[in-house]
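Q: Kindly generate the complete structure, drawing on both the sequences and the hints.
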Amino acid sequence: MRDALHAEWTKLRTLAGTWWLLLAAAALTIAVSAAAAAAFSCPPGACAAGPTGADPAKISLTGVDLGQVVIALLAAGAIGGEYGTGMIRLTLTAVPRRLVAFTAKALVTAGAALAAALLAVAGSALAGWVILPGKGLSAAHGYAPLSLANPSDLRAAGGSVLYLTLIALLAFGVTAAVRDSAAGIGVVLGVLLLFPLASAVIPDQALARHLEQLAPMTAGLYIQATVGVQSLPLTPWQGLGVTAAWAAGALILGAAVLRLRDA
Amino acid sequence: MTAVAPYRSPAVPGRDGFAQTLRAEWTKFRTVRGWVIGTLVAALVMAGVGLLAAGGGRSACQAVGVGANGQPESGSGSSCQPSFILGPDGEPVADSFYFVRQPLTGDGSVTVRVTSMTGLLPPDHPDNAAGPFDSVHGVEPWAKAGLIVKENLSQGSAYAAILVAADHGVRLQWNYTGDTAGLPGPVGPANPRWLRLTRSGDVITGYDSADGTHWTRVGAVTLTGLSSTAQVGLFTASPDHDQMTANFGGGVSGGGGPTRDTAVFDHLATADGWTAGPWTGQYVGRPEIPGVVGFHQAGGQYTLTGQGNIAPVPAGHGGPADASATVTDYLLGTFVGLIALVVVAGLFVTAEYRRGLIRLTFAATPSRGRVLAAKSVVVAVAGFVAGLVGAAAAVLAGEAITRARGYYAFPISGTAEARVIVGTAVLTAVASVLALAIGAIAARSAATVAVVIVVIVIPYFLAATAALPLGAGDWLLRITPAAGFALQQPYPAYDQVTMLYSPFSGYFPLAPLAGLGVLAAWTAAALALAAYRLRRRDA
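Sequences listed follow chains A and B, in order. If you count by my numbering, then the first sequence holds residues 1 to 263, one letter each, in order. If you count by my numbering, then the second sequence holds residues 264 to 802, one letter each, in order.
In short, the hints are calculated from the structure, not lab data. The structure presented is a predicted model; accordingly, all values stated were derived computationally and were not measured. Check each hint, because a few of them may be wrong.
Where chain A lies over chain B, by a calculated footprint (3+ residues, C-beta under 8 Å) [what the hints assert, rightly or not]:
| hint | region |
| --- | --- |
| 1 | 433 to 446 |
| 2 | 602 to 612 |
| 3 | 712 to 721 |
To give a feel for the contact side, a few chain A residues facing chain B, derived at Cβ under 10 Å [claimed, not checked]:
| hint | residue |
| --- | --- |
| 4 | A36 |
| 5 | A39 |
| 6 | F40 |
| 7 | A76 |
| 8 | A200 |
| 9 | A263 |
Reference listing, derived: stretches of chain A covered by chain B, where coverage requires no fewer than 3 residues with Cβ under 8 Å from a Cβ of chain B [claimed, not checked]:
| hint | region |
| --- | --- |
| 10 | 54 to 68 |
| 11 | 173 to 182 |
| 12 | 187 to 196 |
The beta carbon of each residue, even a glycine, is placed where N, CA and C say it ideally should be.
A: Here it is, written out as C-alpha cells:
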C-alpha cells in the first residue's frame with residue numbers, strides 16, 4: 001500500500017496540470033469570494049444581525065461554488081486521464097490488486113484536494129474578514145468579525161474544506177465508473193446542479209425540501225450557514241453527511257466497476 | 264520482360280469538397296453511441312425538468328381572489344387558478360383605481376392641473392421610524408394621478424391616460440402595457456403639472472405643460488374600436504408596496520402592503536366638443552372603502568384619494584402572479600441539458616486527439632479550417648435539434664399538464680412561445696459550437712468540459728439561484744457567454760411595475776438578440792483562435 005501510494009503521489013505530482021489546477025482552484029475560490037463580499041450590500045432596513053440578517057461566513061465562502069468545479073476537474077482527471085492514455089493498464093500491471101491501486105489513487109487525490117481547499121478557504125475567509133466590515137456587516141450592526149475562535153465560523157470554514165475534499169472523492173468515484181474524464185465531470189456537475197434546480201422549480205414545498213435534503217451540493221453547503229441554522233432542512237453536519245454519503249456511493253460504484261470490468 | 268501496368272484503383276475519383284467533409288464528420292458523430300446518447304440525454308433532461316415543473320405536485324389550492332394589484336387574495340377563486348383580469352390583448356392586468364368621471368360622447372378634450380401628491384405607506388416600510396403599527400407618510404414611486412379616457416367601467420377595458428407618477432414624472436399610458444415619458448420631476452405646489460387629453464375618433468393624444476400656456480405633445484395612441492361614448496375623468500391609484508429581497512433558490516421574501524395616494528386637482532375643464540355635467544366618484548373594480556378612498560370637491564378643487572393600480576401583471580416569482588406556472592419554469596432544465604451537449608461537443612474534437620484519429624482526418628482533408636467548419640456545422644445541428652425538441656416538449660407538455668391538473672399557466676402569445684423555443688435551440692446550438700471551439704483549442708476533453716461549464720453554465724446558475732448578490736449576477740449575464748440565456752426571456756419586463764425582475768423569473772439584463780450577440784462574439788473569437796491553433800499545431 002505504501003508503494004502504491006508513493007507511485008500515485010509521483011504520478012500526480014509530476015503531471016504538469018496538477019499544480020496549475022490546484023492553484024487555479026484556490027485562486028478562483030478566493031477571487032469569487034472576494035468579489036461576492038465586495039458586491040455585497042445590505043438590503044434596505046435588513047442589515048441588523050439576527051436569524052434573518054446577512055450571513056458573513058456564507059458570503060465569505062461563496063467562491064466554494066466555483067472552486068468545486070476545478071477540484072472536481074482535478075479528481076476526474078486523476079483517474080480519467082489514465083483511461084484516456086491507456087496508462088491504467090500499466091498501473092494495474094504494477095499493482096495487480098485493483099482495490100489497492102484504487103484506494104491509493106483516491107487517497108492521494110483527496111490529499112491534494114484537501115491542500116488546495118485549505119488554501120482556498122483560508123484565503124476566502126481572510127478576504128471576507130477584510131472586506132465585509134466595510135459593507136455594513138460590522139460591530140455597529142451587531143456582527144462580530146469572522147474568527148476561528150467562534151465555533152460556528154470555524155465549522156463553516158473547516159466544513160467547507162471537508163466539502164471540497166468530498167466533492168473531489170465524488171468526482172473521482174464517478175469518473176472511475178464512467179471511465180472518461182469529460183463524461184465524469186459532466187455527470188458530477190450535472191448531479192450537483194440538477195438538485196437545486198429541481199427543488200427550485202417543484203411547486204410542492206414539502207417535496208422541494210426533501211430534494212434539498214438529498215442534494216449533494218445544497219445539503220453539503222449547509223455547513224457554511226452561521227445564521228438561521230434552525231430553519232435549515234438539516235443540521236449543518238447532517239448536510240455534510242449527505243455529501244459524504246454521495247461520495248461514498250460514488251467511490252463504491254467506481255471501485256466495483258474497476259474490480260469487475262477489464263481495464 | 265513485360266511491362267506491368269501500375270495499379271490504378273477502379274474507383275471513380277471522388278469530389279473533395281466541403282460537402283464530403285461534412286458527410287464524413289456527420290458519419291463520425293452519428294456512429295459513436297455515447298455521443299448520440301448524450302444528445303438524447305440533453306433533450307430528455309430539458310423535457311424532464313419541464314414535466315417536473317408542471318407536474319411535480321403542488322400544495323393544496325387555497326381559495327383566493329384577485330387584489331387591487333392583480334395579486335391573489337382571499338375571497339374567490341383559488342391559488343391554483345387565480346382569476347386574473349385580462350387586458351385588451353389577453354394579458355393579465357391590474358385595473359382598480361378611484362375614478363371621478365362622466366360619460367362623454369364624440370370628440371373633445373379635457374384639461375386639469377395637478378398641484379400635489381401625498382400618500383401613506385404600509386407600517387413595515389423601511390422609512391418608517393414611527394412604530395410597527397403606524398402607517399408612514401410617503402408616496403409609492405409608481406402612485407399615479409391624472410386624466411383618463413376609458414372604454415367603460417369594467418376592469419380590463421381599453422384606456423388611455425396622461426398622469427403624474429410620484430417618482431417618474433408625467434407619463435402617457437395606454438392599454439396597461441403602453442408607457443411614454445413626458446415632463447420629468449415630481450409634482451408639488453411650487454411645480455404643478457398641467458395635463459390634457461384630446462380625443463379624435465380612435466386617437467387619443469396626451470399633452471403636458473408646466474404653466475398651462477406652453478404645451479408639449481407627449482404622444483398619441485390609437486384605441487381601436489373605442490365606443491363613441493367613453494368614460495372620461497380624473498383618477499388616482501397607488502400600487503401595493505412590495506419589499507423584496509432575493510435569497511438562495513431564487514425565492515423572494517417580501518413584506519409590504521397597500522398604499523394610498525391623495526392628489527389635488529384644479530382648473531378642470533372640457534372643450535372642443537365635450538361639455539361636462541356633474542362629476543361622479545367611483546372606486547373601479549373594488550367595493551368602496553369609506554374614509555379610505557374617495558373624493559371631495561371644494562369650489563374648483565378636487566381632492567382624490569385612491570388605491571390600486573392600472574398596469575400589467577408581470578409573470579414571475581415574488582410578483583402578484585407568483586403561483587402561476589411560466590414558460591421560464593418549464594425551461595429551467597436547459598442548463599443541465601447544456602452540460603450534456605457540452606460534453607458531446609467537446610469530445611467530438613478532443614476524442615480525435617486522444618485516439619490519433621485527427622491525423623487521419625487531416626490526411627483526408629488537409630484544409631484544417633474546413634474540418635473545423637464541418638465539425639461546427641455538425642454540433643450546431645445536433646445542439647439545435649436537441650434544444651428544439653427538448654424545449655418544445657418541455658413547454659408544450661408542461662403547459663398541457665399544468666392545465667390538465669387545473670393549475671394556472673401564465674398566458675403567453677403563440678409567437679412569443681415559438682420565439683423562446685427557437686431561441687433555446689439557438690442557444691444550445693451556439694453553446695455547442697463554443698464547446699467544440701474550446702475543445703479544438705485545448706485538445707483535452709476534461710479541461711474543455713470544465714472551462715465551458717465555468718463560462719456558460721455556472722454564471723447562469725449563480726445568477727439564477729441568487730447565490731451571488733443581484734448586481735454581480737446581472738454583470739455575469741452581460742459579459743460571459745451565459746448572456747445567451749437572454750434568448751429564453753418569454754415576457755417583457757415592465758418599467759412601470761415595481762418587481763424583482765430576476766433571471767430566475769425569466770428576466771435578463773440584456774435583450775434577447777444582444778445576449779445572443781455576446782454569446783456569438785465569444786464563440787466567434789474561440790473559433791478564430793481554434794482555427795489558428797489547428798493550423799499552427801502539429802496534430
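Q: Run through the hints listed earlier and report the numbers of any the structure violates, in increasing order.
A: 1 and 9
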